[in-house]
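Let's have the full structure, built from the sequences with the hints guiding it.
Those protein sequences? They're chains L and F, same order as listed.
Heads up: take any position in the first sequence, counting from 1, add 500, and you land on the working numbering.
Heads up: take any position in the second sequence, counting from 1, add 125, and you land on the working numbering.
These aren't lab readings, by the way, just hints derived from the structure by calculation.
Please note that the accuracy of each hint is not assured.
Said to hold, decoys possible - Facing chain L, a subset of chain F residues (Cβ under 7 Å, in silico):
# : residue
1 : N302
2 : G445
3 : N503
4 : F579
The C-beta atom is built at its ideal place from N, Cα and C for all residues, glycine as well.
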Amino acid sequence: MKKTIMLIATFGACLAAGAQDVEALLDKNENMPRPPASQAEMRMVITNKAGQSRTREISAWTQTKDGEFNKQMMTFTAPADVRDTRFLTVDWKDPAKADEQAIYIPALRKVRTIGAAGGDSKTGAFLGSDFSFADIGSLDRKYYDAKSAGKETLDGVACVKVEFTAKGNDAIANYGYSKVVKWLAADNATSRQTEFYDKNGKLIKRLVVSGTELVDGKYWQFKKMQMFNLVSGGNTVWEFITSKNLPSIADSYFTLRYLERGR
Amino acid sequence: MRKRHAILAAPLLLGAALSAQTFAPSGYVTAFAYAAPEKSLPIDAAGLRGALNGSGTLGDAVSYGLSLEAYGKAFDMAAAKYGGAVKNSWYAPASFEVTYDEETVFACDLKEAWVGFALGDFDLTVGKQLVTWGQADGTNPTDNINPRYVGTRSVSTAAERKMGIPMVNVVYNLPGNAGNVQGIFIPYSVPNRMPYMGSFLSTAEIPLDVSSMEGGVRAIVYPGSLSVSASYLTILDRYPSDIVAYTTQTFGPVTVTTPSALGHNRQHVFGLDAVWLIGGFDLRTEWAYTMTKDFDGTDPYARNPFVTGVVQASRTFIDGTTTLTLSWSPTYIFNFTKPVVSPMIPVNVRPYYYRLYIGQGYEFENMVGLRAQTKLLNETIQPEAMFLTGLSARDCLATLSVGVNIADGWNLKAGANFYGSFRDPSDVEMKFGTFSNDNLIDADSIYLELRFDF
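What follows is the structure, encoded as structure tokens:
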């Protein structure tokens with residue numbers, strides 16, 4: 501099984517850590533229950549250093565098949581100048597299969613696949629937000645070594661720090677990060693905070709997750725996350741307005757056909 | 126023309142009948158002002174353009190879309206060159222235009238009116254619509270389905286130059302996100318909307334019969350980080366490309382026969398394009414071989430067969446905020462005969478003759494370009510600069526623009542286009558250059574647009 505650390509790929513799915521041992525902790529995280537499908541309405545508020553804000557509203561669907569894949573389709577519904585922009589992410593668990601990202605740009609009426617460090621680089625900003633395309637997918641552990649970085653209390657919650665260090669330049673080219681540090685709550689194993697370091701080892705972004713709760717008695721999900729860009733001084737709040745776990749969802753939501761046509 | 130409106134009405138009425146299920150309105154308004162430094166007026170064009178759009182669904186299987194586009198430009202009656210007459214016409218199905226002094230001053234166009242059906246793995250779309258082919262950026266030799274407004278409207282985006290046309294569009298979606306196969310049928314040809322070419326020449330109306338039917342197929346597949354498509358399209362040349370009528374005039378003892386009406390030749394376009402994401406580069410290429418009526422190149426008043434392509438390599442820097450793109454776009458003309466600039470060409474045909482050879486003035490033309498784009502302040506400011514030059518024509522185009530997202534739905538765009546030639550101004554070959562021809566060489570422009578989307 502490909503070991504991945506999901507950043508956002510499933511709504512509110514959070515990393516879990518049940519042991520001090522990092523490998524055991526991460527193995528448990530990667531197998532934590534996720535709903536087979538979900539639907540959500542989300543709001544993204546992008547604020548620049550001057551305090552000017554722009555708001556994006558998003559409808560999204562996910563599909564998870566344990567041990568096989570996580571899929572996500574997002575459709576921007578507002579404002580009007582980005583309406584009908586759609587974004588598909590497929591994270592395959594099989595290490596032999598490359599993860600897929602594609603975006604539909606309505607002004608061009610074209611589907612574009614997102615590649616590593618190409619014209620539509622994964623390290624580029626996701627529709628002007630402080631999240632990169634790579635942040636929307638997952639951090640593949642085959643590119644990163646993980647180790648414990650001690651313990652720390654965040655907002656009164658005891659956390660275990662896990663440090664992911666890039667194994668080589670490919671990882672940095674793909675994700676834009678030489679190091680990622682995550683704070684995992686010791687009691688319920690949810691992710692509380694993540695820090696991202698650029699290729700020179702400089703801290704550039706901090707992700708803070710809040711509103712974590714247990715849903716349907718088995719799924720840890722959060723309400724809100726906020727990415728602070730420590731270089732530009734801006735930040736992006738991404739919050740769930742509504743979300744609903746579903747027993748199943750049609751495969752057709754996660755196709756290039758849906759991406760292009762919206763149906 | 127009445128028959129053509131009737132054909133269009135069927136999907137419209139069906140779409141309206143279905144609108145009770147869901148309906149999502151949208152649209153935009155753009156205020157624009159264009160200045161032409163080399164013309165006498167400080168403001169060459171100013172006005173408003175916009176669109177009202179609506180789309181909806183009936184269950185999962187049926188959908189529909191409507192788009193009504195309008196364009197209005199202020200005009201100066203004192204600057205009339207061609208008599209200053211106001212004329213109106215239905216220049217394409219459900220597309221109405223008012224001209225003053227042979228320039229478009231108002232137009233209202235039902236750009237899209239279609240009904241879509243999802244039938245298993247098939248998508249069927251019927252009605253007036255837009256179809257985009259080709260995976261290259263900006264330059265798309267295979268994207269010839271929809272005609273365009275060529276020099277008749279002041280717009281800053283290629284998408285706004287496209288005209289919707291009636292067609293039947295069928296897509297078969299391959300399983301597993303592998304790609305799709307598309308077939309289109311266009312019941313009759315709609316040409317590009319062109320500027321006035323002079324009182325001597327008219328354009329023959331395209332007949333509503335089998336001879337003007339068009340169609341094509343395209344297959345696109347996505348194997349891994351590669352994306353490849355192949356296409357075939359048979360159309361009538363969107364530009365006038367044949368002389369279909371002559372007039373005979375007698376001047377004393379001399380009788381002169383000269384062309385008086387232009388038509389559109391049949392073309393067969395074979396396309397191939399690919400995108401490959403590798404080694405940190407985004408590589409795009411797109412090629413088209415166009416077979417024309419004058420296959421042996423013996424008719425000086427008809428377009429020769431040609432192959433044209435583009436190769437683009439992009440690389441992103443500075444955390445994805447800045448992209449540099451290098452491009453090479455060659456064009457090779459088969460059975461080439463060098464066009465001539467000669468007094469032997471009747472004076473009334475010269476504008477057409479020169480226009481015909483724009484892009485066909487050289488057997489082998491190589492266009493090279495460099496584009497730089499960047500995104501600042503969370504993509505609220507997006508400057509872009511591009512330089513293109515034709516190595517045989519020795520001409521060039523430089524563009525600069527900056528887009529500013531003022532607020533949600535509000536965007537400001539300012540830009541400039543400069544056309545140039547490295548030839549001496551007296552060199553008649555300037556007329557055959559893509560950027561140095563008579564239509565463009567003095568058409569430098571600076572523009573400002575404010576767009577509101579709702």
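Check your understanding: Which numbered hints are broken by the structure, listed smallest first?
Key -> none
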